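Chains as they are written, first to last, in numbering that gives the first Met the number 0: chain F, 0 to 151; chain G, 0 to 249.
What the hints contain is simulated information worked out from the structure, not anything from laboratory work.
These numbers come from a predicted model, not from an experiment.
All C-beta atoms in this analysis are idealised placements derived from N, C-alpha and C, irrespective of residue type, glycine included.
The reader is advised that the hints may include incorrect statements.
[What the hints assert, rightly or not] DEER-style ranges, computed between Cβ atoms:
1. Asp92(F) - Ala120(G): 51 to 57 Å
2. Lys85(F) - Gln106(G): 42 to 48 Å
3. Ala47(F) - Asn131(G): 19 to 25 Å
[Stated by the list, open to error] Simulated coverage check for chain F against chain G, where a stretch passes if three residues somewhere in it have a Cβ under 8 Å from a Cβ of chain G:
4. 48-54
5. 69-77
6. 103-109
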Amino acid sequence: MHRTAVAVVLVAAMGLAGCAIHSMGLPPDFVGVEKSYLGSYLVRAVSADGVMVALRAEPNPERGTLVFWTAAITNQMAGQGYKAVKSEDVTSDTGEAGRLLTFSMQKQGVTFSYILAVFVKGNDILIAEAGGKAEAVEPKLAEIKKALLTSK
Amino acid sequence: MPKHVILLFVAAVVAVAGCAEETRYNAVLLRNREMEKAASRPAEPAPTPGKPAPDLTLFKAPAGQSVAAVEPRKVVYTGSFTLLVADMKAAAERTLRMAEQMGGYMQHMTDSSIVIRVPAARFDETVAGLGNIGTVTDKEVKAQDVTEEYEDLAIRLKNAKALQERLVALLAKAENVKDAIEVEREVNRVRTEIEKLEGQMNRLSGQIAYATLSVRFTQTREAPRELKVSLPFPWLRELGLEHLLSIVGM
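Could you put together the complete structure from these sequences and hints?
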């Protein structure tokens, strides 16, 4: 199931992203959504209790640095009312330097967690996202982070 | 039968009924005091809200007296809460839905407050549920023991009904219109008293069966937004949980 998901992503990415092929592995017990639910994502998968993981690739023709994009994303989330919890240097499975950002958000008395792994790869920015109710994300956190670092 | 005899009889019946009531009431008080003494502890505190009253059926009665089955205490639970929420209207609606799920109902509602009634057994659960709707910044919970008041009303009602029956029987035996009118007047007085007592019993029973929770909402104040910088990269605005979780209904 995991390999099938990755294969589907590769084919989709080839069609959508032209020459660049981007993919991301899925945490255990996450299921990829149908193409009609991808939206602007290259990968989108969900757990049974509503935690989502997703991968998007955005153009970076002017070669903004990882520092620039990390700061831009952090400021964007702060402006939307997210509370920054953690920011740490990470390395993807393919050796790319990246940044892992963790945020929390309160909505109607419920705490949500939102995690992003940001990588700058050539002319693209890879943003792997994960999020859901904090009580659902917490038990899966290690596996989710591991999956985000498989982005390439 | 002479009029003065009828009147004397009516007066005697009323007096006897009153005495019987007092004797019965005193018996209840005496039983309660003996229960407390036999248990060798101070007056029983009101039970924890939402939990059933302690089982007192195992206490040992004084020698020579039979152990009467002990009814659980009658308690009226009320609570008053202030909740900090982002959206008062949405919070009020969530509170109403929660009350209905608990088997309760809304008694009163405004834009910034709601009074709900839920079965007394679900009081604890409802209080905990309020914590999921917003942040509880103020809380007051009361448990009022109304057992004696309830028993007193029950005894008075029973005695009034017995008196009514006796008067109705007496009315049937009245020998003239004047006597009949006297007894009828007394029957009506007792009937009015019964209706009043039944109303009080119903109100008290309702308060015991259903706890009352008053919730006032206050809105979180957002810090004044600084002038936001908006970078010319539209995809940045697609980041966040609302977009990510849009297909699972955040």
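Evaluated hints:
Here the CB-CB span from aspartate 92(F) to alanine 120(G) is close to 55 Å, well matched to the stated 51 to 57 Å. Hint check: lysine 85(F) to glutamine 106(G), Cβ distance near 46 Å, so the stated range 42 to 48 Å holds. Checked against the hint of 19 to 25 Å, the pair alanine 47(F) and asparagine 131(G) passes, with Cβ atoms roughly 21 Å apart. Evaluation of the coverage hint for the segment 48-54 of chain F: fulfilled, as 3 residues show C-beta separations to chain G shorter than 8 Å, against a requirement of three.
Look at the segment 69-77 of chain F against chain G: 5 of its residues bring a Cβ nearer than 8 Å to a Cβ of that chain, three or more, so the hint holds. Given as covered by chain G, the segment 103-109 of chain F passes the check, having 6 residues with a CB less than 8 Å from a CB of that chain where 3 are the minimum.
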